[in-house]
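**Q** Below are the chains, spelled out letter by letter.
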Amino acid sequence: MTPTEKNRPAPGNRLDKPLTPKRSRLEEFWALFRKNRLAIAGLIIFILFFATALAGLFLTSGQNPVFDPAQIRLQEKLRPPMAKANLNSLYPADVPRLGIYLFGTDDLGRDVFARMLQGAWVSLTVGFVAVGISVFIGIFMGGIAGYFGQILLKMDHILISGLMVAGIAFMVTDWVLPGILFFILAVVFLLYTVRAKKNARNLAKPAGSGFLEINAFSIDTLIMRIVDIMICFPSFFLILTVVALLPASIYNIMIVIGLTSWMGATRFVRAEFLSLREQDFVAAAKALGVGNLRIIFRHMMPNAIAPVLVSATIGIASAILTEAGLSFLGFGVPPPHATWGNIISDGKRFIFDAPWLTFIPGIAILVVVLSFNLFGEGLRDALNPKLRERH
Amino acid sequence: MDTTHHHILQVSGLKKYFPIRRGFFQRTSGWVKAVDGVDLEIEKGQTLGLVGESGCGKSTIARLILKLLQTDSGKILFQNQDITGISEKEMKPVRKEMQIVFQDPYGSLNPRMSIGASIEEGLRIAGIPGGRTRQDRLAYLLEMVGLSPDNADRYPHEFSGGQRQRIGIARALSVEPSLILCDEPISALDVSIQAQIINLLKDLQEKLGLSYLFISHDLNVVGYLCNTVSVMYKGHIMEHAPADQLFATPRHPYTLSLLSAIPDVEPVGEKQPQPILREGQSIAEPTTGCKFQEHCAWVDAPCRDGLVPLQEVDKKHLVRCWKEAHR
Amino acid sequence: MEPNDHPLISVQDLKVYFQGDFETARAVDGVSFEVCPEEMVCLVGESGCGKTVTALSILGLVAIPPGRIAGGKILFKGENLLDFSESDFQKIRGNHIAMVFQEPLTSLNPVFTIEDQIGEAIKIHKHIEGEPLRERCIQLLQDVGIPSAAERLHDYPHQLSGGQRQRVMIAMALACDPDLIIADEPTTALDVTVQAQILQLFRSLQKKRAMSVLYITHDLGVVANIAQRVYVMYASVIVEQGKAGHIFSKAQHPYTQGLLASLPTRSKRGKRLYSIPGTVPNPAHKPAGCPFHPRCPYAIERCRSQFPELCDYGDGHLARCPVLFKRKQETGKNISQR
Numbered sequence: 001m002t003p004t005e006k007n008r009p010a011p012g013n014r015l016d017k018p019l020t021p022k023r024s025r026l027e028e029f030w031a032l033f034r035k036n037r038l039a040i041a042g043l044i045i046f047i048l049f050f051a052t053a054l055a056g057l058f059l060t061s062g063q064n065p066v067f068d069p070a071q072i073r074l075q076e077k078l079r080p081p082m083a084k085a086n087l088n089s090l091y092p093a094d095v096p097r098l099g100i101y102l103f104g105t106d107d108l109g110r111d112v113f114a115r116m117l118q119g120a121w122v123s124l125t126v127g128f129v130a131v132g133i134s135v136f137i138g139i140f141m142g143g144i145a146g147y148f149g150q151i152l153l154k155m156d157h158i159l160i161s162g163l164m165v166a167g168i169a170f171m172v173t174d175w176v177l178p179g180i181l182f183f184i185l186a187v188v189f190l191l192y193t194v195r196a197k198k199n200a201r202n203l204a205k206p207a208g209s210g211f212l213e214i215n216a217f218s219i220d221t222l223i224m225r226i227v228d229i230m231i232c233f234p235s236f237f238l239i240l241t242v243v244a245l246l247p248a249s250i251y252n253i254m255i256v257i258g259l260t261s262w263m264g265a266t267r268f269v270r271a272e273f274l275s276l277r278e279q280d281f282v283a284a285a286k287a288l289g290v291g292n293l294r295i296i297f298r299h300m301m302p303n304a305i306a307p308v309l310v311s312a313t314i315g316i317a318s319a320i321l322t323e324a325g326l327s328f329l330g331f332g333v334p335p336p337h338a339t340w341g342n343i344i345s346d347g348k349r350f351i352f353d354a355p356w357l358t359f360i361p362g363i364a365i366l367v368v369v370l371s372f373n374l375f376g377e378g379l380r381d382a383l384n385p386k387l388r389e390r391h
Numbered sequence: 001m002d003t004t005h006h007h008i009l010q011v012s013g014l015k016k017y018f019p020i021r022r023g024f025f026q027r028t029s030g031w032v033k034a035v036d037g038v039d040l041e042i043e044k045g046q047t048l049g050l051v052g053e054s055g056c057g058k059s060t061i062a063r064l065i066l067k068l069l070q071t072d073s074g075k076i077l078f079q080n081q082d083i084t085g086i087s088e089k090e091m092k093p094v095r096k097e098m099q100i101v102f103q104d105p106y107g108s109l110n111p112r113m114s115i116g117a118s119i120e121e122g123l124r125i126a127g128i129p130g131g132r133t134r135q136d137r138l139a140y141l142l143e144m145v146g147l148s149p150d151n152a153d154r155y156p157h158e159f160s161g162g163q164r165q166r167i168g169i170a171r172a173l174s175v176e177p178s179l180i181l182c183d184e185p186i187s188a189l190d191v192s193i194q195a196q197i198i199n200l201l202k203d204l205q206e207k208l209g210l211s212y213l214f215i216s217h218d219l220n221v222v223g224y225l226c227n228t229v230s231v232m233y234k235g236h237i238m239e240h241a242p243a244d245q246l247f248a249t250p251r252h253p254y255t256l257s258l259l260s261a262i263p264d265v266e267p268v269g270e271k272q273p274q275p276i277l278r279e280g281q282s283i284a285e286p287t288t289g290c291k292f293q294e295h296c297a298w299v300d301a302p303c304r305d306g307l308v309p310l311q312e313v314d315k316k317h318l319v320r321c322w323k324e325a326h327r
Numbered sequence: 001m002e003p004n005d006h007p008l009i010s011v012q013d014l015k016v017y018f019q020g021d022f023e024t025a026r027a028v029d030g031v032s033f034e035v036c037p038e039e040m041v042c043l044v045g046e047s048g049c050g051k052t053v054t055a056l057s058i059l060g061l062v063a064i065p066p067g068r069i070a071g072g073k074i075l076f077k078g079e080n081l082l083d084f085s086e087s088d089f090q091k092i093r094g095n096h097i098a099m100v101f102q103e104p105l106t107s108l109n110p111v112f113t114i115e116d117q118i119g120e121a122i123k124i125h126k127h128i129e130g131e132p133l134r135e136r137c138i139q140l141l142q143d144v145g146i147p148s149a150a151e152r153l154h155d156y157p158h159q160l161s162g163g164q165r166q167r168v169m170i171a172m173a174l175a176c177d178p179d180l181i182i183a184d185e186p187t188t189a190l191d192v193t194v195q196a197q198i199l200q201l202f203r204s205l206q207k208k209r210a211m212s213v214l215y216i217t218h219d220l221g222v223v224a225n226i227a228q229r230v231y232v233m234y235a236s237v238i239v240e241q242g243k244a245g246h247i248f249s250k251a252q253h254p255y256t257q258g259l260l261a262s263l264p265t266r267s268k269r270g271k272r273l274y275s276i277p278g279t280v281p282n283p284a285h286k287p288a289g290c291p292f293h294p295r296c297p298y299a300i301e302r303c304r305s306q307f308p309e310l311c312d313y314g315d316g317h318l319a320r321c322p323v324l325f326k327r328k329q330e331t332g333k334n335i336s337q338r
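Protein chains in written order, with our numbering: chain A, 1 to 391; chain B, 1 to 327; chain C, 1 to 338.
Take every hint as true, because none was put in to throw you off.
DEER-style ranges, computed between Cβ atoms:
id : chain 1 : residue 1 : chain 2 : residue 2 : range
1  : A       : SER218    : B       : MET91     : 15 to 25 angstroms
2  : C       : GLN19     : B       : TRP298    : 54 to 64 angstroms
3  : C       : GLY270    : A       : LYS198    : 55 to 65 angstroms
4  : C       : LYS286    : B       : THR288    : 58 to 68 angstroms
Think of the hints as simulated: they come from the structure by calculation, not from any bench. No experiment lies behind these values; they were computed from the predicted model shown. Every residue, glycine too, gets a C-beta built ideally from N, C-alpha and C.
Between the sequences and the hints, there should be enough to build the whole structure, so can you do that?
**A** Written as structure tokens, this is what we have:
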């Protein structure tokens, strides 16, 4: 049916516009969010933190940084905050930029303020990257578990994938020969079953015959049991173990934290999907012929993402805490790079003599984590669809 | 019906049973026979009304026809093509030809997609190239259902129920179908809006040559809108006739009780309760014989014995009732 | 019987407003009606017209922030209910005025037996317990037409069908012999055959127990079936009122006429259905003057600016349209739409 004059409806058929003036979703969201003062406070602190970290990155890196976090001044060790630099005992190049030590010095005479600035960036990146990884994995796993959940895996699929995974695992851990063997076995098996299925379709053999056709369990079960297994691991100790085994680097830490915290997002997404799947608009999309992947990511995911966003903001806080904990235990980013955790760690021996080494990074972590939590809760309330529905 | 080329849809022997699982091991202890051997036919450009109360299986039939659910047995012929067992890949081009409008205007649109985007999904599938062409076609569709194209970037919650239903219709039309299944499209709407949507559906049918399967529990609307009507009860078609005949001379006791139960605006005064319906003693379904036996005042021995088949009692008028068939 | 002689309950110029983030929604905007003893009155209107809020405000069930009573009186047996405190309301709820809600599924508590739920109001208001209470519950179940009432007492709501649950709701409402039952769309969620039975039940109960019923619905067919007098609501005001016979045979407000003309019936088959153009206004953005004027085929200039008064057609029939009233007076003929 191509538009022609005959087909065009009479102008008198046009009905009223919607009754309220246009407001974008962002405006509506902001109006709701604005009401929660604590959440606004959280947002402001978050913005400040972000700015500080970014500034810190620039101000403390390079050959001649504005604030030098690594400059050792043994004659100035354990100076209290706001102490003036002793110009007589220092080389001109070693004098702190502002002439005073804003947050004091540590046991090596390093400027704590500069170290805090440097550490802010670490905390920020660890938080965001780790959570980014966990959300990415969680969305995938949760979406597939929620959408395809009821599809049953047959024994032949499981056997083939099991053999493949075993093969790859062997190859990675240097038992190359058995690895390749398993892999070839898997491929052979795959070809055999594909062929057998083709023949079976021609012969109209009933499904359910033979061991290989047994329905073992559903994809949903598989993914959720993996989630359960991962949850059973005490994650901090798992991270500790992995970090201790791998070479110490900020990237390893981020990745490991990310790989051990995707379970919450998975459960949220799966729960939302289970209810979304029954909604008419999903059936409408299927009836139009939209493909499964597009339905999952374009149609359903935007509806399921709200709890994930909330848990992500709180997850950033938790990742920052984890990194601080790792640094405190000595398993974090290697020295001399400063992180808030290792400032506390270095200062623990001097907690009575130089309490600022503990309190300043401690309070900073507290404030940042609190702000993220408040922001996350404000986000959750603002995104709550029940409050947005007009009818 | 032998002139098959006039029928856009022919369904025969459709069955869908849902398992009832109990116990720790999820054993199947019984079946809910949602659809138990249903035959339907829709002629091109015509409207078949499918009437029944809640739980009779009419919505399940819509999903079976659209292949959103797997049939347990039976045959579905759409535009003379047997689509019962075909794969999803083969079904994709067929999907463009049949679409659905849902009952709930609040759940049938994606709350996170603008209405323009929702409709454009269909345009994308219909192969309309992106950019200007698609925008024009989108505007055309919105105008066709009586909405201003300026509203394409608004979200569903900004619209009223009737407007959302129009958007749902526009989405269904975006792929240019020949058959539209209307699953109680006006039940959730206000009375003054119902008339608007009914008129819209009628206009579209005339302009575009659409065929409709109109599912509803409201006999008034069905009587107004449909050419032929099938009355469904607990998974079975109990009566089928052209609309005029069904309302002029209803034969099945269930149809009679439905008709007498409709509160009618025209005669004012008290309605006498019909002796046809009696309160069922149990909620469980009868395992043999006619499904209506629990509530039927005319029930007799043959009703309990075996399933009565649909029999022609008059020209194009079929009834599944032992008593009526032997009159 | 005639209205206005010793009404049981008299709502006078009731105004209930809801404060939103950006605007005030005037859900009930100057509504007046009466229910006389032993009378079945229907309040008809579409969704958003304010009928449910009206009913809830009679029993003080409107959430006070964000809602507020902005004016008016509700006189029940000589007292103004709007002056009542929460404890005063608790004495009349379930006792003198009872309510039946729309969704029998969610209105019954799933973890209590039928006996507990029906008996609760009796226990609280009449202080009856034990065996006499049980017998009274059985009697009530029989009155509402539930077979094997004695066994049913120990059932839980999920063991009953929708129609039976609604009957239980009605039994709960009847428990203390109220003077007035407010029924808010009690049959909307039910199948049409069950609805017919419930309507029949209402009719017989009202006669037997000589009580009044305020029946709220959007379904004109239901109104035609049971109402003695009708109030038609649109956009938070009453636009027409009168005896059921008058409303259906010679409606005098364009909205009522439009509603009746837009009902699909078999007799209209083949003809185009009349439909009222436009949509119901948002309670926060009502048009000035007559709330119906943007959709009205008879609107004149003054309709856009002046809020119309109720015009009296005699015998209790009033309609809020001076335009049609004038035409009727001039031509003596009834104007109706096709």
